[in-house]
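Mapped onto this note's numbering, the consecutive letters of the sequence shown carry residue numbers 155 to 600.
Be aware that a few hints might be false.
Listed next, with one range per pair, are the computed distances between beta-carbon atoms [claimed, not checked]:
#1 Phe243 with Pro369: 17 to 25 Å
#2 Glu284 with Gln472: 57 to 65 Å
#3 Arg330 with Gln535: 24 to 32 Å
#4 Asp401 with Lys460: 22 to 30 Å
#5 Arg431 with Ala571: 17 to 25 Å
#6 Leu323 with Asn291: 35 to 43 Å
#7 Gly531 with Ser409: 21 to 29 Å
#8 Arg280 with Gly196: 24 to 32 Å
#9 Ala279 with His461: 41 to 49 Å
#10 Gly220 with Ala571: 44 to 52 Å
Think of the hints as simulated: they come from the structure by calculation, not from any bench.
Given the structure is predicted, the values throughout are model-derived calculations rather than measurements.
We put the CB at the ideal spot given by N, CA and C, even for glycine.
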Amino acid sequence: MVDEEEGVGEMFSFSTESSERALVGAVFLGGERVFYEAESLGLREDHFSKPGNRLLWAVFRDGLEGGVKPDVGMIYERHERDIVKFGGFSWLSSFSGACGSIHHVPSYVDRVIAGHRRAKILHAARLALEAGKSPDNTAADIHALLEGALSDSAGEVGVGSELETAESLVMDWAARRQSVLDGETESDELTWDIHALDRFVAAGPGHLVVIGGRPKMGKSQLALSIMANISRKYGPTLFCSAEMGRDALARRILSSSADIKTTDPRAFAEGTARVFREWLDVPMFFDYKARSFQNVSASIRFAHRKHGIRAAAIDYLQLLEMAGARTEEEEIGRASKGFKNLAEDLGIPIVLLVQVNRRCEERADKRPVMSDIRGSGRVEQDADAVVFVYRESYYNERFARPSQVELLVRANRHGPAGTGIAFWRPGGGWFRDPTPWESLGKKDLD
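Work the whole structure out from these sequences, hints included.
Below is the structure:
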């Protein structure tokens, strides 16, 4: 029995050590994005069991804070005296082949942190055994030693040793709210700056807002519009597109404010210059390369750590690769839960676009409902709000207001359901509120 337990311990130790090496190797491969992703997942320097690995993690941090990317040759040149203690250049260069894939970073982090917790518990057990040999230590003394180790290790995974009362929860929240009202701190609650959304849907920290609709309804343009609004008013945002590449995003932004179809070179130059001035110093970032759930999550974590983004949008769910998912319903369920957890971890609102199925177009009333999303039960459970985008003019060419868009709030955890009206001209323009003239039901101005 003892031999079996020792074998398990040796296997676990090997798994932890190899994960540590894989993490260090992943930073050499992926640079600052991987380093900050690992730290955002809770990894600390002291979680590494090997002194050499702890040294390299500290070297990574110091270098990145100084703008220096991880490089084997440069690190060896700058820290040769310390690295020689662990095996020199051959030891350092061996990390480059230790990582199977940077996509496995979350798993590596989990194993390293779990190994650190296990080592602390085993160390406490050994101390308890030693304490038990002395007749001066009572059972209560030994129990307190073990209890302290368990409480300490539980903190590694966010399990607190103290439960909170309603009084402490309310007092903490009220104190932070009062600080905002007194002008001492900035509010972490944002607005979309589109009244049709703001009247129903909160843009609070940790919120997941799902925006759905059929193609050509304006989902992407709505997400771009609200991310641009937040960037201009509050600070950096990130727009992750699995649908549009670099040129497509550039065309979308240009065509929203200028006529890119003009054949007049002077008019094109003037329009481009105007758009450039509008976007100058607007901290909205784009990632058009991340095409999987894991890569998009890593990109959002990296942008939050590096740029302090206030919100993020993903366009769109069904285009993301989901490792291990067998059905579309399973993909949507896993992604909605994953992005909800990510929003809560980072304390920012995340907007997730989804495409609804064709069933709505077979009905007389073609406005989408919750059941038009596969896995809708899980989405409704995870999302703080579900909003559908609908344009009557897409189905009815004689509709009097072709630029009118209905934002249908079907599910809302923090407010009522309902319908808001916004305006957008397909092929150009940003989502906007109705003018007083349009609010009276007159023909729209576009």
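Verification of the hints:
Distance hint check for Phe243 and Pro369: the Cβ-Cβ separation is about 55 Å, which falls outside the suggested range of 17 to 25 Å. Separation of Glu284 from Gln472 is about 58 Å and conforms to the stated range, judged on CB atoms against 57 to 65 Å. Distance hint check: the CB atoms of Arg330 and Gln535 are about 27 Å apart, consistent with the given range 24 to 32 Å. For Asp401 paired with Lys460, a C-beta distance near 25 Å keeps the hint of 22 to 30 Å intact.
At roughly 40 Å, the beta-carbon separation of Arg431 and Ala571 lies outside the given 17 to 25 Å, and the hint is violated. Checked against the hint of 35 to 43 Å, the pair Leu323 and Asn291 passes, with Cβ atoms roughly 39 Å apart. Restraint check, Gly531 to Ser409: a C-beta distance of roughly 38 Å breaks the suggested window 21 to 29 Å. Between Arg280 and Gly196, the C-beta spacing of about 26 Å keeps the proposed range 24 to 32 Å intact.
About 44 Å separates the C-beta atoms of Ala279 and His461, a value consistent with the hinted range of 41 to 49 Å. Taking the beta carbon of each, Gly220 and Ala571 are about 51 Å apart, inside 44 to 52 Å as hinted.
Violation of the numbered hints given earlier is confined to hints 1, 5 and 7; the remaining hints are satisfied by the structure.
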